[in-house]
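Chemist: Listed here are the chains, written in short residue letters.
There are 2 protein chains.
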Amino acid sequence: MIKVVARHKVKVDKIAQFIELAKELVANTQKLDEGCIHYDLYQDQSDPAILTIMEEWASPELLDRHMNAKHFLELVPRLGARCEGPADINLYRML
Amino acid sequence: MIKVVARHKVKVDKIAQFIELAKELVANTQKLDEGCIHYDLYQDQSDPAILTIMEEWASPELLDRHMNAKHFLELVPRLGARCEGPADINLYRML
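Chains as they are written, first to last, in our numbering: chain D, 1 to 95; chain A, 1 to 95.
In short, the hints are calculated from the structure, not lab data.
It cannot be assumed that every hint is accurate.
One copy or two, either will do: identical chains are not told apart, so a pair holds if it fits within one copy or between any two.
To be verified - Below 27 Å or equal to it, Euclidean Cα-Cα: the simulated BS3-like pairs (lysine-lysine) are:
1. Lys3 / Lys23
2. Lys14 / Lys31
3. Lys9 / Lys23
4. Lys3 / Lys31
5. Lys11 / Lys70
6. Lys70 / Lys23
Values in this document were obtained by computation on a predicted structure and should not be read as measured data.
My request is simple: use the sequences and hints to build the entire structure.
Modeler: So, in structure tokens, the structure goes:
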């Protein structure tokens, strides 16, 4: 089991667009991607420009497959274009 | 429902001590703290000095109560003393 936390600092005037695109990514991933246990969008309670996807995957292979899915390859660059910088991503194992 | 991600950059020679103390905090919190839905310790897969507690709480009031519990007040400063700097904490709501 792999947990992923992908935190984005979004440009303030692009928050609504980012949320719309991220929700499309969430919906497609939950519906289509094998091995997806959790995949949800969160907003920081004190800074609405911090938008984070928290994920749980059954295996590294299925996470890799997700990162090569059509919806991922199409939507992630469009999300990135609305951010202040690169996403801050951690892959975790539970201790 | 509130999600908390508390990421720590731990001093390399203090990782084992940090994990031991954090596991004590996790065990006490899961056992004693009302409103705790999830509370688990994770380690970054590429940097073992990144140790993160991911939490889910039923309400802000019960999260506050956890932060005033004896085990929290006693263990958190001891965890902090083993870190490179302050923890990087986000409180989230799901969108």
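Chemist: Against each hint, give a clear statement of whether it holds in the structure.
Modeler: Hint check results:
no.	hint	verdict
1	Lys3 / Lys23	both (19 Å within a copy, 18 Å between copies)
2	Lys14 / Lys31	within (26 Å within a copy, 42 Å between copies)
3	Lys9 / Lys23	within (16 Å within a copy, 30 Å between copies)
4	Lys3 / Lys31	both (18 Å within a copy, 23 Å between copies)
5	Lys11 / Lys70	within (25 Å within a copy, 40 Å between copies)
6	Lys70 / Lys23	within (15 Å within a copy, 40 Å between copies)
No hint from the list above goes unmet by this structure.
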